[in-house]
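So for the sequence shown, the working numbering puts the first residue at 1; every next one is plus one.
Read the hints as simulated data drawn from the structure, not as lab findings.
Computed from a prediction, not measured in an experiment: that's the story for all the values here.
Among these hints, one or two may not hold up.
As the list claims (entries may be wrong) - For each label pair, taking beta carbons as the anchor points, the in silico distance ranges come out as:
(1) 143 / 391: 29 to 37 angstroms
(2) 217 / 273: 52 to 60 angstroms
(3) 381 / 172: 43 to 51 angstroms
(4) 335 / 375: 30 to 38 angstroms
Think of the CB as a built atom: it goes at the ideal place given N, C-alpha and C, for glycine as much as any other residue.
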Amino acid sequence: MPEADAIDIGTSFTLRGAAVLDEAGGFSGPQDVGVENGVITAMAPSLPRSAASMDARGQWLMPGVIDCHSHLALTALASRPQLTTPITRWAIEAARNASVTLAAGVTFVRDAGGLDAGVRSSIDDGLVQGPTVQISIVPLTQTGGHVDGWFSGPGLESSVANLFPDYPGRPPFRVDGVDAMCATVRQLLRAGADWIKLCTTGGVLSEGDALLDPEFSPEEIQMAVTEAARRRKSVFTHAYGGPGIDNAVRAGVRSIEHGTFLTETQAAAMAKTGCWLVPTLSVLDEVIGMAKHGKLPPEMGSKALQLEATLGEAVRIARAHGVRVALGTDANSTAMHGRNLREIELLCRYGGMSVEEALLTATLRGAELCGVAATRGRIAPGYIFDAILLGADPSDPTVFADPFTVRQVFKAGVAVRRDTALN
């Protein structure tokens with residue numbers, strides 16, 4: 001992907017002649033779209049020519065993608081690079097990842113661990129370029145659980161592979177007991193967290209736990225949900241299946257992340273409570289490939305290969321029970337940042353979605369999950385013009401595997417990158 005062009009045509013203009021994503025997930029038009037101060041004000045087959053306009057004939061316009069599970073601060077999964085990376089470089093790499101992600105067509109991210117309030121405000125204030133972000137700061141784990149790292153030789157504790165390095169003001173990520181959970185959630189909220197992220201099962205890239213091992217007691221999970229709700233915040237949780245999903249759903253978490261081994265009974269319970277699924281097929285496909293090519297340690301590789309037989313099945317089960325699904329990639333490395341839109345194709349290939357359903361999952365559904373559907377996720381009057389122009393017909397979902405399909409990105413009406421000419 002070429003570097004994003006920092007082109008600001010102003011936040012008021014008319015985009016002419018594009019096919020526009022509608023509420024059913026199809027494209028209608030051609031239509032003109034009028035934008036004033038970054039907000040859509042009018043849509044019609046033909047609008048009066050404005051001082052600034054863009055010819056979008058032969059292109060497809062859709063809302064910017066909303067990635068509900070990404071790690072913009074992560075660039076590698078191996079411990080050695082992380083242990084030798086100064087915290088200043090770590091922060092600068094996070095800014096680079098944010099810029100690449102926006103240029104790829106993702107205009108809104110719910111970060112699942114890594115970003116803090118400083119990066120969020122730097123993006124909001126225009127110091128660095130990136131999508132609008134909601135943050136969880138660090139994922140919470142029990143001692144010996146997913147994310148809890150342990151270097152047994154020197155006896156050093158850290159997050160797994162030192163993915164979430166310590167720095168002044170970073171809240172703790174290791175929590176044991178109901179009282180500790182209450183205190184830690186309060187610390188996260190004080191530090192500016194928009195969401196609380198838990199790990200209620202084991203994971204692939206952690207040692208000593210199995211994928212279906214339940215982590216955190218039901219009481220600990222309930223405390224996290226209750227304490228977050230007192231500040232009008234919600235909880236989402238890493239969980240592959242088993243009791244870790246059951247406990248989380250009963251406690252009232254907002255979404256299950258991964259959910260690879262979701263059962264029919266669990267999906268029915270999620271539908272009843274309004275719990276969402278964010279399946280993160282991109283990262284699952286990625287780690288399966290790494291395992292097949294011997295790029296993971298044996299224990300991690302063995303767990304990754306367990307995912308292959310049921311990859312995408314959770315999406316099918318969830319949809320059958322009316323569980324709402326939102327797009328999330330779990331992008332956590334340099335290789336994955338900027339390839340986020342590939343998740344749309346994987347939702348079709350593995351999850352059995354139609355293209356129309358996948359496009360709504362990537363836009364409006366994500367806005368609903370993140371609580372911003374009143375202003376984002378649609379191309380309609382009154383909505384912020386977070387949008388992308390596609391140069392290839394999205395009725396073939398494989399076009400999203402090619403980053404050059406995205407010809408132009410807009411964030412609040414500002415053109416971030418372009419291949420088309422303004423006139």
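Do the hints match the structure? See the list:
1. Checked against the given bound of 29 to 37 angstroms, the beta carbons of residue 143 and residue 391, roughly 50 angstroms apart, lie outside it.
2. In this structure the supplied range 52 to 60 angstroms is violated for residue 217 paired with residue 273, their Cβ-Cβ distance being about 19 angstroms.
3. Take residue 381 and residue 172: their Cβ atoms lie about 45 angstroms apart, and the range 43 to 51 angstroms holds.
4. One distance hint, 30 to 38 angstroms for the beta-carbon pair residue 335 and residue 375, holds here, with the actual separation near 32 angstroms.
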